[in-house]
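Engineer: One letter stands for each residue in the lines below.
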Amino acid sequence: MPLTQPANPPDTQPNAGTEDLGDARLATSLRPVSKDAFGEAHARHLLWRAGFGGTAEQVALLVRWGPEKSVDHILNFDKVPGEPVAVDTFDRTIMRPPDRNEREMYRAAQRAQDENKLAELRKMRQDREQADRQQMAKLQKWWLTRMIETPRPLEEKLTLFWHGHFATNYRTIENSYHMFMQNQMFRANAAGNFGDILHAIIKDPAMIAYLDNNDSRKGRPNENLAREIMELFSLGVGNYTEKDIKEGARALTGYTFEDDDFVFQPRNHDNGEKRILGRSGNIKGEDFVDIILNQPACARYISRKLYHYFVADVPTDERGGDKTLDPAQRAVLRQMADTLRVNRYALKPVLKRLFLSEHFYEPRFRNQQIKGPVVLVVGAIRSLNTPPRDLSILNDALDLMGQRIFFPPSVKGWDGGRSWINTSTLFVRQNVLAFLLTGKKPQGFDPTADTQKFDALAVLGEVRDPDAAVERVLRVTLGQSPSATAQALREYLRAAGDRVTQETVTGMLLLATAAPEYQLC
Amino acid sequence: MNSPYSRREFLRSGLVLASATASVPAFLNSSALAMHARAGGLTSVPGVPDDHILVVLQLSGGNDGLNTVVPFGASEYYKARPGISIPEREALKIGDGIGFHPQLAPLKDLYDDGMCTVVQGVGYPNPNRSHFKSMDIWHTADTTATGDGWLGRYFDAECCGFGKGESGTVETPAAERVEDAASGPPGIAIGRAAPLAMQGRKIKPVSFESAELFKWSAQDLNKALRDGYETLNRRSITTPKDTNSNFLVRTALDAQVSSDMIRKAVSQRPLVQYPQGDIARQLQMVALMIRAGLKTRVYYVTHGSFDTHAGQGGAQGRHAQLLNQFAGALKAFYSDLKAQRNDSRVLTMSFSEFGRRVGQNASAGTDHGTAAPMFLCGPMVRRGVVGEHPSLRDLDEGDLKYKIDFRAVYAGILDGWLKADSKTVLETTFKPVEVLSKTQKTVATER
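Keeping their order, the protein sequence lines are chains A and B.
Under this note's numbering, residues 1 to 521 are what the first sequence spells out, in order.
Under this note's numbering, residues 522 to 968 are what the second sequence spells out, in order.
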C-alpha cells in the first residue's frame with residue numbers, strides 16, 4: 001500500500017461524543033462492500049453466515065446478483081414464499097392440565113384411599129408424559145426438516161439464534177407444545193424487532209415455566225426470570241445491580257400462564273412502588289422491559305450477540321473482554337448498537353448494514369468460524385444435496401456434538417466457538433458427514449445406503465477433468481484449496497486411476513469433509 | 522506416510538496450543554513436549570515417583586451427602602427428613618453416629634480394607650446453588666468460576682512452569698523423548714464433553730465417549746481413503762497463530778494420535794467382572810487403559826444425574842440405585858487394578874458440585890444445598906474419616922456449613938500424590954488436607 005493512514009486519524013481520537021457521530025464514523029466501520037469486490041468468496045461467506053451454506057450454483061447466482069440484491073433477497077425473506085406453519089401442526093392437548101372432573105376424581109380417590117384408582121390415574125399421567133416426549137422428538141425432526149428445506153434460510157438461522165439467546169430446555173418444562181409455541185414466536189419475530197421478542201418472552205409459557213415465574217407472587221417474588229432477563233437476555237453483567245433484579249422480580253409477579261395462555265393475575269402482582277435502573281413508579285412487567293430497552297447497554301449487548309453469531313467470536317461480556325477486539329471491531333459494534341437504537345430495535349436495518357459492510361467480508365473472518373453442529377449438518381445437506389437419510393440419527397449426532405435442539409445445556413444457551421470442538425466431537429463431526437454421503441455408520445451401513453444414493457457427480461457440474469474435479473470439490477466443501485488438502489485429494493484420485501466417477505468423487509468428498517478445515521465456514 | 526512432515530514433527534506440533542503471545546513457537550513446542558514427557562512418566566527428577574495416576578469421578582447433579590454418609594446419631598436428621606432418611610439399623614457404621622448408605626456396601630468393603638477415606642463437610646465460602654456455576658467453581662478451583670481448569674493448570678504448570686496468571690518457561694526440554702509421547706495424552710476424559718477441569722491454556726484433554734465412536738467411520742471403506750485421511754488429519758501447523766484453523770488442526774492430530782492407542786486398549790477383556798451401569802463401563806475402560814500402559818496421568822469419569830428434587834427414595838429408590846452403581850463400580854475397579862498390580866498407582870477422588878438441603882422438600886426429594894463428603898480411594902489413602910461430620914444444629918438458613926475447603930483437598934492431592942506445587946497450580950495457599958497414609962506422607966516430605 002503506497003499510503004499509510006495517519007497514526008491517529010481525527011475520527012478515531014478518543015472522544016466523549018463518538019457514540020453520536022453516526023455516519024461520520026462509517027469510513028472505519030460499516031462502509032459498504034463494493035459491487036465489484038463481491039466475488040465467489042463473498043457470496044459463499046454470505047450464504048454460510050446468513051444461512052446454512054449453498055450449492056455452487058447458488059454461490060454463482062449471488063455473485064451475478066451482487067451484494068445489494070443478494071442481501072435484499074436473504075434478509076427480506078418474507079417476500080419469498082415459504083411454508084406457513086399451522087397452529088395445529090402439533091397436538092396441544094397432551095400436557096393440558098387436569099380439568100375439574102379429573103381433579104375431583106383424583107381427590108375422591110385420595111379420600112377413599114383407593115389405591116387402584118390412584119395407580120390408574122398415575123399411569124394415565126405417565127402415559128401422557130411419554131406421549132409428550134414422543135411429540136418432542138417429532139418437533140425436533142420437524143424443525144430440522146424445516147432448516148434443511150426452507151427457501152428462507154435466514155429465518156431459520158435467526159430462529160436458532162433466538163433459541164440459543166432465550167435458551168429454554170424441554171427437560172425442565174416437559175411440555176412440547178409450549179416449546180413449539182416459543183419456537184413459532186421466535187420465527188414470527190426472527191428479523192422483526194428485538195423489543196417485541198423481549199416483551200413476548202415475559203409472557204411466554206415455556207420461559208415462564210423454565211425460570212419459575214409461575215411461582216412468583218407478591219411477597220415472595222422469584223428472581224429467576226428478572227435475573228436472566230438482565231444478565232443474559234438484554235444487558236449483560238455489570239449493567240444492573242442486585243437491587244434492580246429484586247425490584248424487577250417484583251414487577252414480574254403475577255405474570256404466569258394457564259394451559260397455553262399467558263395470564264396476568266392482579267392479586268398476585270406487587271403493585272407497590274419500585275425503583276429499577278433509576279426509574280421509579282408502580283412498574284409493571286411491560287414497564288420493566290421498556291426501562292431495559294431504554295438502556296444503551298441493551299443495544300450494545302444485542303449487537304455483540306449478533307456479531308458473535310454472524311461475524312466472529314467476541315466475548316459477550318463487555319467488561320474486560322474488549323482487549324481482544326481491534327479498533328475496527330469496536331467501531332463496528334458501536335455502529336451496530338447505534339443502528340439498533342435509532343431504529344428502535346428493528347433488526348433488519350442493523351443486519352442489512354452488517355451484511356453489506358466491507359467489514360463483514362474481511363478475509364480474516366472468512367472460513368474462520370467454527371460451525372455449530374446444526375449448521376454443520378444442515379449446511380452439508382443443503383450445500384452438497386445429500387439425502388438426509390434418518391432424522392433420528394441426525395438428532396442423536398447433534399446431541400453427541402453438543403447441540404441438541406430444544407435441550408440447550410443451560411439458560412446461557414450454547415457457548416459456541418471452540419467449545420464445540422474436542423477429540424470426541426471431532427470424530428462425530430467427520431462421521432456424520434460420512435453418514436450423509438454414504439450411509440456408513442460406525443458399525444455397518446444404514447438401510448438408506450442402497451435406497452437413497454447420493455449423487456456425487458452433481459457436485460461437479462460439468463467438470464470431469466481430474467485436476468479441475470479436485471479444485472471443484474475443495475471450493476464447494478472448504479471454499480479454499482489449502483495445498484496439503486489439495487495434494488491429498490489429488491493423490492487419492494491418482495491412486496484410483498484418475499477416473500472421475502460417483503465412487504471417486506464420493507471418496508474425495510469424504511476426505512474433504514474430514515479435513516479439519518471443513519469444520520469452518 | 523506421505524506427509525511432508527516427519528512423525529516427530531507432527532507429534533511435536535500436536536501437543537501444544539501455541540498462544541497468540543508466543544514469540545518463539547519452536548521453543549514452546551519443545552516445552553509442551555517436556556510436559557508431555559513428564560506427564561507421561563518420563564521425568565528424570567530423582568526421587569519423584571512418576572507413575573502416579575489420578576482418577577476423578579464426578580457425581581453430577583448434586584449428590585445428597587447426608588444420605589451418603591448418614592448422621593444416624595443426630596435426631597435432627599430424622600426430624601428434617603421424615604420420608605427419606607436412612608434408619609440407623611440399615612446404615613453401615615463407620616464411626617460414632619455416622620455410617621454409609623446401605624447401598625454403599627462395596628465401598629464399605631474398601632473402607633474396611635483401608636482403601637477408602639471420607640473427607641467430611643467439603644465446600645467453599647458463599648456457596649452457589651446453580652449447577653453450572655457451582656460445577657465451574659469446582660472445575661476452576663476459583664469461587665468466581667473463571668479461568669482454566671485446575672487439572673489443566675496442573676498440566677500447564679508441569680509443562681511450562683506457570684500457573685494461573687502468568688506465562689513462563691521450562692528449563693529442560695526433552696525433545697529426544699518425542700516417540701514416547703505418543704504413548705498417551707496427559708489427560709483423558711470419558712464422555713462427549715471435555716471437562717473444564719482438564720482444560721489448560723496449552724494442554725487440552727483427549728475425550729471420547731465410546732471406542733466405537735472414536736474413529737473415522739469411513740476409514741474401513743478402502744485403503745486409499747485411509748491414507749488420504751491420515752495425511753489430512755496428521756498435519757503440522759505452519760504458523761504459530763492462535764486461529765481457529767490451527768486449533769482444529771491440532772485437535773485433529775490429538776484425536777488421530779490417541780484413537781488407535783485408546784481403541785486397542787479398551788478392546789481388551791478386563792481381568793474381573795464389572796457390574797452393570799455406565800459408571801462401571803467407564804471405570805472398566807480406565808482400568809484397561811492403565812493396563813495397556815498408557816502414560817496418562819489423569820482420567821476423568823462422570824456418574825449421575827444426582828439431581829434428586831423429587832422421589833429420591835431412602836435406603837431403596839433412585840438415589841440408592843445411583844450409590845449402588847457408584848460403589849459397585851469402584852470396588853470392581855480396584856479388584857481389577859489389584860489383579861493388574863497397578864492398584865497402588867491409582868488414586869480416585871469423587872466429588873459433586875454441591876450437597877443438598879438438610880430438610881426434604883414437598884416432593885419427597887431434596888433441593889440444592891451446600892457442603893458434602895468427598896471420597897478418596899486407593900491403597901495409598903489415609904485410613905478412616907477426615908474431618909467431622911458437619912453439624913445439623915448449626916445451620917446456615919437450613920444448609921450445612923462447610924468445614925473443609927475443596928481446594929485444600931486438591932492441594933493435598935497435588936502436593937502429596939501428583940508431586941506438583943499446589944501453590945502454583947491453585948495460586949492460593951490452602952493448607953493441604955492430609956489424605957494419604959503415613960508412608961505416603963513421608964515420601965511427600967522428603968521432596
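Since the hints were made in silico from the structure, they are not lab data.
Since we're looking at a predicted model, the values are computed, not measured.
Glycine included, each C-beta is placed from N, C-alpha and C at the ideal position.
Hints may contain errors.
[As the list claims (entries may be wrong)] With beta-carbon atoms standing in for the labels, derived distance ranges: (1) A:Arg103 - B:Ala831: 18 to 26 Å; (2) A:Pro327 - B:Asp741: 46 to 54 Å; (3) B:Asp741 - A:Asp261: 48 to 56 Å; (4) B:Glu597 - A:Lys123: 31 to 39 Å; (5) A:Asn101 - B:Pro608: 22 to 30 Å; (6) A:Ala119 - B:Asp799: 27 to 35 Å; (7) A:Ala86 - B:Gly838: 40 to 48 Å.
[Said to hold, decoys possible] Facing chain B, a subset of chain A residues (Cβ under 10 Å, in silico): (8) Gly219; (9) Gly272; (10) Ile291; (11) Gln368; (12) Asp399; (13) Lys412; (14) Ser419; (15) Ser424; (16) Thr438; (17) Pro482; (18) Ala496; (19) Val500; (20) Ala512; (21) Ala515; (22) Pro516; (23) Gln519.
Engineer: Grab the minimum C-beta distance from Gly272 of chain A to chain B and call the hint holds if it beats 10 Å, violated otherwise.
Structural biologist: This hint is violated: Gly272 of chain A lies away from chain B, its Cβ roughly 25 Å from the closest one there, beyond 10 Å.
Engineer: Does Ala515 of chain A pass the interface hint, meaning its C-beta sits closer than 10 Å to a C-beta of chain B?
Structural biologist: holds, 5 Å
Engineer: Does Val500 of chain A pass the interface hint, meaning its C-beta sits closer than 10 Å to a C-beta of chain B?
Structural biologist: violated, 15 Å
Engineer: At the C-beta level, are Asp741 of chain B and Asp261 of chain A separated by a distance inside 48 to 56 Å?
Structural biologist: Between Asp741 of chain B and Asp261 of chain A, where Cβ atoms are some 55 Å apart, the hint holds.
Engineer: With a cut-off of 10 Å, does the beta carbon of Ser419 of chain A approach a beta carbon of chain B closely enough for the hint to hold?
Structural biologist: holds, 9 Å
Engineer: Is 40 to 48 Å right for how far apart the beta carbons of Ala86 of chain A and Gly838 of chain B are?
Structural biologist: holds, 44 Å
Engineer: Does the beta carbon distance between Pro327 of chain A and Asp741 of chain B stay inside 46 to 54 Å, or does it fall outside?
Structural biologist: About 51 Å separates the Cβ atoms of Pro327 of chain A and Asp741 of chain B, which means 46 to 54 Å holds.
Engineer: With a cut-off of 10 Å, does the beta carbon of Ala496 of chain A approach a beta carbon of chain B closely enough for the hint to hold?
Structural biologist: Constraint on Ala496 of chain A satisfied, holds at 6 Å.
Engineer: Classify the hint on Asp399 of chain A as holds or violated, based on whether any CB of chain B lies nearer than 10 Å to its CB.
Structural biologist: Since chain B brings a Cβ to about 8 Å from Asp399 of chain A, closer than 10 Å, the hint holds.
Engineer: Do the numbers back the hint for Thr438 of chain A, that is, is its least Cβ distance to chain B under 10 Å?
Structural biologist: holds, 7 Å
Engineer: Given a cut of 10 Å on the nearest C-beta pair, is the interface hint for Ile291 of chain A held or broken against chain B?
Structural biologist: Hint on Ile291 of chain A: violated, closest Cβ of chain B at ~26 Å, above 10 Å.
Engineer: Restraint: Gln368 of chain A near chain B, CB-CB cut 10 Å. Satisfied or not?
Structural biologist: holds, 5 Å
Hint compliance for this structure: hints 5, 8, 9, 10 and 19 are not met, and every other hint is.
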